[in-house]
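As a plain string of letters, each chain reads:
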Amino acid sequence: MGEIVIKVESLGKQYRLGQVGTGTISHDINRWWLRMRGKEDPYLKIGEANDRSKKGESDLVWALQNINFEVKEGEVLGIIGKNGAGKSTLLKILSRVAGPTVGSIKVKGRIASLLEVGTGFHPDLSGRENIFLNGSILGMSKREIKSKFDEIVAFSGIERYIDTPVKRYSSGMYVRLAFAVAAHLEPEILIVDEVLAVGDAEFQKKCLGKMKDVSRQGRTVLFVSHNMPSMRALCSSVMILEHGMNVGLGNTDQMIAKYLTGPASVDNEDGIIPDDLSFHGTGEAKFKRLKTLDLKGQPKKEFCFKQDFIINIELEVSKRVENVIVMVIIVSSLGENITMAVDNEFFKPSSYDKGLYDIEVKFEEKLLPGDYSVGLGISYFHTGNDIDYIESFGGFKVLRETESKDMEYPWATVTGYTLPKTKWNIKKI
Amino acid sequence: MKERWDLEIKPQDKWYHLDLGAIWAYKDLLLLMVRRDFVSVYKQTILGPLWLFIQPIITTLTFTIIFGNIAHISTDGIPPILFYLSGITLWTYFADCLTKTSGTFIANAGVFGKVYFPRLIMPLSVLISNLVKLAIQLLMFLIFWIYFLSKGTDIHPHYLYIITVPFLILIMAGLGLGFGILISSLTTKYRDLTFLVGFGVQLMMYASPIVYPLSVVPGKYKFILLLNPVTSIIEAFKFTFLGTGIWNWNALLYSIIFMIILVLLSVIVFKKVEKTFMDTV
Numbered sequence: 001m002g003e004i005v006i007k008v009e010s011l012g013k014q015y016r017l018g019q020v021g022t023g024t025i026s027h028d029i030n031r032w033w034l035r036m037r038g039k040e041d042p043y044l045k046i047g048e049a050n051d052r053s054k055k056g057e058s059d060l061v062w063a064l065q066n067i068n069f070e071v072k073e074g075e076v077l078g079i080i081g082k083n084g085a086g087k088s089t090l091l092k093i094l095s096r097v098a099g100p101t102v103g104s105i106k107v108k109g110r111i112a113s114l115l116e117v118g119t120g121f122h123p124d125l126s127g128r129e130n131i132f133l134n135g136s137i138l139g140m141s142k143r144e145i146k147s148k149f150d151e152i153v154a155f156s157g158i159e160r161y162i163d164t165p166v167k168r169y170s171s172g173m174y175v176r177l178a179f180a181v182a183a184h185l186e187p188e189i190l191i192v193d194e195v196l197a198v199g200d201a202e203f204q205k206k207c208l209g210k211m212k213d214v215s216r217q218g219r220t221v222l223f224v225s226h227n228m229p230s231m232r233a234l235c236s237s238v239m240i241l242e243h244g245m246n247v248g249l250g251n252t253d254q255m256i257a258k259y260l261t262g263p264a265s266v267d268n269e270d271g272i273i274p275d276d277l278s279f280h281g282t283g284e285a286k287f288k289r290l291k292t293l294d295l296k297g298q299p300k301k302e303f304c305f306k307q308d309f310i311i312n313i314e315l316e317v318s319k320r321v322e323n324v325i326v327m328v329i330i331v332s333s334l335g336e337n338i339t340m341a342v343d344n345e346f347f348k349p350s351s352y353d354k355g356l357y358d359i360e361v362k363f364e365e366k367l368l369p370g371d372y373s374v375g376l377g378i379s380y381f382h383t384g385n386d387i388d389y390i391e392s393f394g395g396f397k398v399l400r401e402t403e404s405k406d407m408e409y410p411w412a413t414v415t416g417y418t419l420p421k422t423k424w425n426i427k428k429i
Numbered sequence: 430m431k432e433r434w435d436l437e438i439k440p441q442d443k444w445y446h447l448d449l450g451a452i453w454a455y456k457d458l459l460l461l462m463v464r465r466d467f468v469s470v471y472k473q474t475i476l477g478p479l480w481l482f483i484q485p486i487i488t489t490l491t492f493t494i495i496f497g498n499i500a501h502i503s504t505d506g507i508p509p510i511l512f513y514l515s516g517i518t519l520w521t522y523f524a525d526c527l528t529k530t531s532g533t534f535i536a537n538a539g540v541f542g543k544v545y546f547p548r549l550i551m552p553l554s555v556l557i558s559n560l561v562k563l564a565i566q567l568l569m570f571l572i573f574w575i576y577f578l579s580k581g582t583d584i585h586p587h588y589l590y591i592i593t594v595p596f597l598i599l600i601m602a603g604l605g606l607g608f609g610i611l612i613s614s615l616t617t618k619y620r621d622l623t624f625l626v627g628f629g630v631q632l633m634m635y636a637s638p639i640v641y642p643l644s645v646v647p648g649k650y651k652f653i654l655l656l657n658p659v660t661s662i663i664e665a666f667k668f669t670f671l672g673t674g675i676w677n678w679n680a681l682l683y684s685i686i687f688m689i690i691l692v693l694l695s696v697i698v699f700k701k702v703e704k705t706f707m708d709t710v
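Note that the protein sequences, when read in sequence, are chains A and B.
Quick note: my numbering has the first sequence finishing at residue 429, numbered continuously throughout.
Quick note: my numbering has the second sequence finishing at residue 710, numbered continuously throughout.
Isolated chain A, as found in the complex:
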């Protein structure tokens, strides 16, 4: 790892909620007048952490607050956080699209940012013309684009349409062309925001490969995504943002595990699910509690290998719901949903009257040793609309040893997550 190429110091960004209207002009005049007299801006002192679910006192919020970090040359830093945690705001400030309110960022080398693919594409121009336009918007010189032109076209796989206006393209072709241009940028520092979530599976694979190449060439990458497997595949370290604050920075696996299990689950014995963990669906029902129990009903965070366990949920239904299905999901430490169970073994919809429910789900599925957490969902059976959804909560561990201590999982690496029920029939022929 080389020298520090990005240095972020006490960075903060304040936003005003609500409409820009006549009320704002008096604030503006007040601000300007104080600044003219050399006074401090009074509005920087107020403002709250950005928590969307609570109604705040002030209409000023800090989308980012006191962010400090450094990135070394060749590092691939992933940034994770829930929606609204300030990830995109941070990337916007880094790519100079929006200015910070306080603090500073120092950078060595040329930055290119991909907050969107196809920025500046003009629908009436042909693919060829747009490659040049988009490339130079992203900071490439005309010579650079010319020398890579054939490569870009080959990567996009749309040679045949290269002289057709892009407004005639299918959306997939459009995105392919746009990503192809972006993928051939060669800045010292690349900032990427979730652009991998485009195109078909094959193309996504191609994009991921390209990103890996970029980092292998020793260039620095800052990467925001909700996709934990690609995070793990690419990043050398990860930063977690929560309500605009940096709550953790370090080793990729550790940070992802910390993010997914949620900081609350560690010291929360009652298993109460914090309100802000929910993805807030239509809201007729809400998961209140989640505990992992052994078969005696004791709350436990660690289970032995091959031990059965119970997932105990408290569900509050505030209005009768019909044609719904409740789902319990086992989530890996990478954030992948490994397996799931529903409240009805024939996968039929059911209904719940208003009231509080205590649900016990006994798992006989044998999990291989490792860290897991639980995802919960209640949704409408036919439309798939979420009523309430918890991505990941209640982290627990499966140990290597069995309960009766008669055996131990023998290897350091664990392949996969579950132990299927199998029958081996071995004959010598």
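It is possible that part of the hints are untrue.
Restraint ranges, calculated between C-beta atoms of paired labels, are given here [unchecked claim]:
id, chain 1, residue 1, chain 2, residue 2, range
1, A, R110, B, I495, 41 to 47 Å
2, B, T705, A, F279, 30 to 36 Å
3, B, Y683, A, T164, 35 to 41 Å
4, B, Y650, A, K146, 53 to 59 Å
5, A, E9, B, K456, 31 to 37 Å
6, B, A538, A, N344, 35 to 41 Å
Simulated from the structure, these hints should not be mistaken for lab results.
For each residue, glycine too, the CB sits at the ideal point set by N, CA and C.
Chain A is already provided as a structure; the job is to place chain B on it using the hints.
Same frame as chain A, now just chain B:
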């Protein structure tokens, strides 16, 4: 040891930190933008760039009929077509530059919100692509002008002054850019000024000697007209090609100083706004 950083992102730069060098680094983008403006406008049209000729000709004919034939406003003895066309050609450049650059931030919010490049590229590209348009329309004016000269019409151009035409255009460009980006910077938060632009430009045309010569303006109004920095330039243009109009050094100097101060001021404001506009637009 003091570390060297290529770039420092801070809440505000000093007002004199204009970073105009960055524009040079993006000159390829500037040219591509010009090309885009030019190519995309006439895509899917049958007449294509012919529209460049149709617009001023129809305007000139309209003016000839309304102001010449119906209202009988003097043209200082110049054939009406030549008189109106000379004014319209230069005025259109100014008005187009102003109106199009005045929407810089709002029209480009989508692109500006996703990627950084020197924001001044956008208004500059408008200036240049309109310059191409102006060149074509100027050519058309010259064809008419030569036609009338060869017919022996009674006009007395000041041929030597033709070398000043690029400077006149430059002043016009500066004025259009200055007013335009100033308005564009002021409208990111409060949109009030956008309502003014449309009819403001139209009103300003009547405060400039386009449809009438300065010579017919009564003394007490002349003062107002000379406050308008465009006036002296239009007059100088007519003086050069048509021999009428007034070549007034003081008024020209006023326009030049006005333009320089306006451009400086507007670029400073523009640079200040480009940092924060994404939050307020």
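| field | Hints that the structure is at odds with (numbers, increasing) | value | 1, 3 and 6
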